[in-house]
Amino acid sequence: MIFVVSLLVFLMLVGAVAASIFRDLISVVIAAALVSLIASILFYLLQAPDVAMAEAAIGAALTAAIFIIAIRRTKRYEE
Amino acid sequence: MRKIVSILLLVIVALGISLSLAKIPFGVPKTKVGRHYINEGVKETGAANIVTSVVVSYRGFDTLGEVTVLFIASIGLGAVLSTIVGKTVRKIEPASLVLSTGCRLLFPLILIFGTYVFIHGHLTPGGGFQGGAIIASGFLLIYLGCRERRISQKASKLTESLGGLSFVIIGLLGLVFGSHFLSNFLPNGTANTLFSAGIIPVIYIAIGIKVGSELAGIIDNLIEES
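These protein sequence lines are chains A and B, in that order. Sequential numbering of the first sequence, starting at 340, is according to this note's numbering. Sequential numbering of the second sequence, starting at 273, is according to this note's numbering.
This is chain A alone, in the form it adopts within the complex (with noise of 0.2 Å):
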């Protein structure tokens, strides 16, 4: 179990820097989703569902998707 859980900490954390360095923001979108999707797994295991499911619903798929509608908008590479 607390290997399970420092695996998906240590994967989170990979997601998090990757998401500060990355220059292309469609990554650093997703990079940011897998945070959140790895947040909701942790919720869960901390036994809070209510929280898993808003979270995954909320910060995985719909602000994913609308910050890629507006990087659609606007310019993907950052300077």
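Among the clues, some could well be false.
[Stated by the list, open to error] 35 Å max Cα-Cα, derived DSBU-like pairs, lysine-lysine:
| no. | chain 1 | residue 1 | chain 2 | residue 2 |
| --- | --- | --- | --- | --- |
| 1 | B | K426 | A | K414 |
| 2 | B | K315 | B | K304 |
| 3 | B | K304 | B | K275 |
| 4 | A | K414 | B | K275 |
| 5 | B | K295 | B | K275 |
| 6 | B | K429 | A | K414 |
[Unchecked claim] Derived Cβ-Cβ restraints for the label pairs, each shown as a range:
| no. | chain 1 | residue 1 | chain 2 | residue 2 | range |
| --- | --- | --- | --- | --- | --- |
| 7 | B | P366 | A | L347 | 36 to 46 Å |
| 8 | A | S359 | B | P459 | 45 to 55 Å |
| 9 | A | V353 | B | L447 | 27 to 37 Å |
| 10 | A | K414 | B | T465 | 50 to 60 Å |
| 11 | A | D363 | B | A345 | 24 to 34 Å |
| 12 | A | R362 | B | R422 | 28 to 38 Å |
| 13 | B | A294 | A | V353 | 18 to 28 Å |
| 14 | B | H308 | A | A387 | 46 to 56 Å |
| 15 | A | A355 | B | F298 | 15 to 25 Å |
| 16 | B | S278 | A | R362 | 13 to 23 Å |
| 17 | A | A355 | B | L287 | 10 to 20 Å |
| 18 | A | R362 | B | L447 | 51 to 61 Å |
| 19 | A | A355 | B | I296 | 32 to 42 Å |
The set of hints was computed from the structure by calculation and includes no laboratory data. On a predicted model such as this, the values are computed, not experimentally measured, just so you know. Quick reminder that beta carbons are idealized off the backbone N, C-alpha and C, glycines included.
Got chain A; can you put chain B on it based on the hints?
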């Protein structure tokens, strides 16, 4: 120089947060009011899901504020996007047959799942906000898969207002038949059955319809403009 300063600030903030959180034992019920919710929540509100009893019954007024914040955000987004001049109508390529058929097949199932989540909010994990978000993700799927389909703005605004209005009206009815705003004036029933917990499922259905149509309207606004 700027990077060093920001890293230093980050380390200071992280140290402060970890030092202040280190003394709190993890996962131990500390406060008296939290213990009261856990021990008496099912008896007092009739909702088997304690989270729901806190969100809708004990802290129902906060939830009304939360719903209002979402409503204002959606209105503001619509107002900002409607000021864009020189709209170009984008040529829409039709999606492939496999994609559009798959979306059409999945969309009703997602709707049913979202409805299930907010109708059973007082029994199982989930509730109005979660169910509404699931329904909105179904609409997102339709926008991505069957690109020529659009929801009617008027119908979305109408269902949204209906959900919000019924929340407030149920609260006012609590004022009439009960003791205070949003008081539980319906019978509690037996816990763990669908028709239990008084006004909680009614309010969660209103919230689910409102949040679902609101988030779908936000996605519709954004896609229309891009």
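Structure-based check of all given hints:
At most 35 Å may separate the alpha-carbon atoms for a hinted pair to count; K426/B and K414/A meet this at roughly 32 Å. Among the hinted pairs, K315/B with K304/B is consistent with the structure: their alpha-carbon atoms are about 17 Å apart, no more than 35 Å. Between K304/B and K275/B the CA atoms are separated by roughly 45 Å; this puts the pair beyond 35 Å, and the hint is violated. Restraint check: the Cα-Cα separation between K414/A and K275/B comes to about 25 Å, which is no more than 35 Å; the hinted pair holds.
Simply put, K295/B and K275/B have alpha-carbon atoms about 31 Å apart, close enough for the 35 Å limit, and the pair holds. The suggested pairing of K429/B with K414/A holds, with an alpha-carbon distance near 31 Å, which does not exceed 35 Å. A C-beta distance of roughly 40 Å is found between P366/B and L347/A, which places it inside the suggested range of 36 to 46 Å. Look at S359/A against P459/B: about 54 Å separates their beta carbons, and that is inside 45 to 55 Å.
Checked against the hint of 27 to 37 Å, the C-beta distance between V353/A and L447/B comes to roughly 52 Å, which is inconsistent with it. Checking the proposed 50 to 60 Å range against K414/A and T465/B shows it holds: the Cβ atoms sit about 55 Å from each other. Taking 24 to 34 Å as the suggested C-beta distance range, the pair D363/A and A345/B conforms, at roughly 28 Å. Taken as a hint, the range 28 to 38 Å holds for the pair R362/A and R422/B, whose Cβ atoms sit roughly 34 Å apart.
A C-beta distance of roughly 25 Å is found between A294/B and V353/A, which places it inside the suggested range of 18 to 28 Å. For H308/B and A387/A, the hinted distance range of 46 to 56 Å is not satisfied, since their beta carbons lie about 19 Å from each other. For the pair A355/A and F298/B, the beta carbons lie near 22 Å from each other, so the given range of 15 to 25 Å is met. A beta carbon spacing of about 19 Å between S278/B and R362/A agrees with the range 13 to 23 Å that was offered as a hint.
Checked against the hint of 10 to 20 Å, the C-beta distance between A355/A and L287/B comes to roughly 18 Å, which is consistent with it. The hint said 51 to 61 Å for the Cβ distance between R362/A and L447/B, and at roughly 56 Å that hint holds. Taking the beta carbon of each, A355/A and I296/B are about 23 Å apart, not inside 32 to 42 Å as hinted.
Violation of the numbered hints given earlier is confined to hints 3, 9, 14, 19; the remaining hints are satisfied by the structure.
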